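J.: The chain contents come next:
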Amino acid sequence: MTDYTSDAVEPPVVDISKSAGGTIVHESSREREILLTVTDVAKYFPVKEYSGLFPKTLQTRAVDGVSFDLAKGETLGLVGESGCGKTTTGRLITRLIEPSAGSIEFGGRDIAHMKEKDLRPMRRDIQMIFQDPYGSLNPRFTVLKIIGAALEIHDMVPKSQVKPRVQELLELVGLNPEHVNRYPNEFSGGQRQRIGIARALAVEPKVVVADEPVSALDVSIQAQVMNLMSKLRRELGIAFVFIAHDLGIVRHFCDRIAVMYLGKVMEIGDREDIYEKPQHPYTQALLSAAPDLNVVRGAVPNERIRLIGDVPSPIDPPSGCRFRTRCWKAQEICAAEEPPLEPAKDKPKHTIACHFPEVKTELVADVEAS
Amino acid sequence: MTVGPGDVNSTLDEVAAAGNEAGSSLRAATGSPGDSGRKKLESRSPVQIAFARLRRDKIAMVCAVIVVLFVLMGIFAPLLAGLEGQSPTATHYDLIGNDNLPSFYTNGQHWLGITSSNGYDVFARFVYGIRPSFLIAISASIVTTVIGVVLGLLAGFLGGWVDRVIGWLTDFSLSLPILLMAIALVPVMSQYLAGSEPSQSQVQQVRIVVLMIVLVFSGWAGTCRLVRGETLALRQREFVQAARALGAPTGRVLFKEVLPNLTSIILVSITLAIPAYIGAEAGLSYLGVGLTLPTADWGLDISLAQDQMQAFPLPLLVPLIGLLIAVLCLSLLGDAISDAFNPNTRR
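Each protein sequence line maps, in turn, to chains A and B.
Using full-length UniProt numbering, read the first sequence as starting at 1 and increasing by one per residue.
Using full-length UniProt numbering, read the second sequence as starting at 1 and increasing by one per residue.
It is worth saying that the hints were derived from the structure and are not from the lab.
Remember, predicted model here, so these are calculated numbers, not experimental data.
Accuracy of the hints is not assured; some may be wrong.
Below are the BS3-like pairs computed for lysine-lysine, each with C-alpha atoms no more than 30 Å apart in a straight line [claimed, not checked]: (1) A:K360 / A:K349; (2) A:K231 / A:K145; (3) A:K115 / A:K159; (4) B:K58 / A:K117; (5) B:K256 / A:K115; (6) A:K159 / B:K256.
Based on the provided sequences and hints, a complete structural model is requested.
T.: Here it is in structure tokens:
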């Protein structure tokens, strides 16, 4: 499909002057051009348990059979509580770690077990924005060197053009291009995150995996960085895999949402389907846990779904449905049989992994109303 | 135009303006916009910041000056000895009495007196004695650090069997009784390396090399472990992950991303190794397995002078105090460097 070796790959042409008032084309109104297909991907980490004379090697099933696809320019949100495998999924897609099973298809090729050398051209197309703006920039280097390294590795521009190009990128992410010779410690968290974004954009990727890009930032800075990412998505047509646990931000930013629990996808659907008509009990519980601002203004609070107990250990997940130990609908079949991800009635794009799906509305306060 | 809260829109306008200027392609190269007319901002790297912090440390600065003085004295030893008009290896049997002791304490020809038995000039031997100490200590600590850093980097970053093999080697090296080994090995190795009929200077050169080998052999493992641990921690940092996500080859990640972040521990390990090796070299020479007469060496001189320390303390005290000051200053300097590079220390 994509010829990585030649220069045939055109950089995304951006007309910034027009896009400010431009319309966002929703993927529903056109054919989805699939960029990335993840099929039954799994990652098990070995854990040694020291009981008795000989240590036993157990497997932590961080990600255990996750499937989804991502279309060009689309944003997929990965949500779920801590430890459900969101970050591991992101690292599998960027191939920072090798999956234990499953396939990751990108550009017509399975990159799941590709060797590092063969991966290099693909690395340009799938980039990552990291969670911790304080850890993601090498403290020993100036911004010029940090972003310049990305340009250098992939020979994006001739050597003489590295500095102007870095300044251009800084300007694109809303930083002063004069600051190219500064070190990361001279920037605030939000500015550092912008540098991280500029680095990811330097190689003109098709897919960006954003691993909780704003969760380490102040709320006011969060909004700025999210606005920047919205703008870049609009102008550059980059597809995002957006990992977050802030449901409000996900609703604001994502076209499609995948809800994960204990290494598995519970429900995938369009934003409206997930937020307004969630069908999986876990999704419903997650949404109902989000704070409701309207209560402050005097509205009657929605009834909360309270989950009992802790998330089971990923070393020894429950049989059948992973969520059954905390589910109020659980019956015998839930322990015996694992529910497959199946499309909801008359909604082929909304899939749910539950034996007893049921539409529940009014779980989240209407954002528009506030 | 530092971005503060709430000025995203103005930023967007500026971006749009820049976009228009540059044409519609993102890739189009613009000249650096607005380069002129704005004040150039001074930026300092973490290493520069650490050295600035070091410069404010008075103890460190005093120690640095003393260390520099010692080094200069070592370098210009022939000049200083020439000033006195003495040579470190010349004997003065005429000034030694029948009781094997010098006939005087100090005089105009021999500023700090002469040693008993052979009548070597103490001052000349003191300034010349700096040379083997610093030479062996500095070169051994550099070699130790290079070996330790390279092996530690590889073990920490590659992991797996590489880590295991290097781990075994470090454990082996650390478990060796190094003093016993030195006492046993130095004479044997010196004999072996020097050949059948070595000249006086060949013997000394071979001994210096053998001492260095022994010190390196005992010292690399500590640095290796330190670097391995730090590399393990750095490997998990997101900027290393980011470099890998960009497709940087392993060598580039190791030497361009990880190594620069080891500057501080490398510097600290060198500066703390030097005084340790000066002490070790003097100790081995004192025990008789280091350098031999007529070479001027502090450890050797201390062992020679200890018999007459009550009657003639100067031949003992001069090299001893020299050793003490050199080791103390280098150690304090090493501590200060370690503090300057560690942002967690506040004084």
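J.: Next step is simple, just say for each hint if it's right about the structure.
T.: Now for the hints, and whether the structure bears them out:
Proposed proximity of K360 (chain A) and K349 (chain A) is supported: the alpha carbons are some 18 Å apart, at most 30 Å. Between K231 (chain A) and K145 (chain A), the direct Cα distance comes to roughly 25 Å. Compliance with the 30 Å bound is thereby established for this hinted pair. For the hint pairing K115 (chain A) with K159 (chain A), the CA-to-CA distance comes to about 28 Å; that is within 30 Å, so the pair holds. Distance restraint check for K58 (chain B) and K117 (chain A): the Cα-Cα separation of roughly 52 Å exceeds the 30 Å cut-off, and the hinted pair is therefore not satisfied.
Restraint check: the Cα-Cα separation between K256 (chain B) and K115 (chain A) comes to about 22 Å, which is no more than 30 Å; the hinted pair holds. For a cut-off of 30 Å, the pair hint linking K159 (chain A) to K256 (chain B) stands: about 18 Å separates their Cα positions.
Hint 4 alone, counting from the list given before, is not met by this structure.
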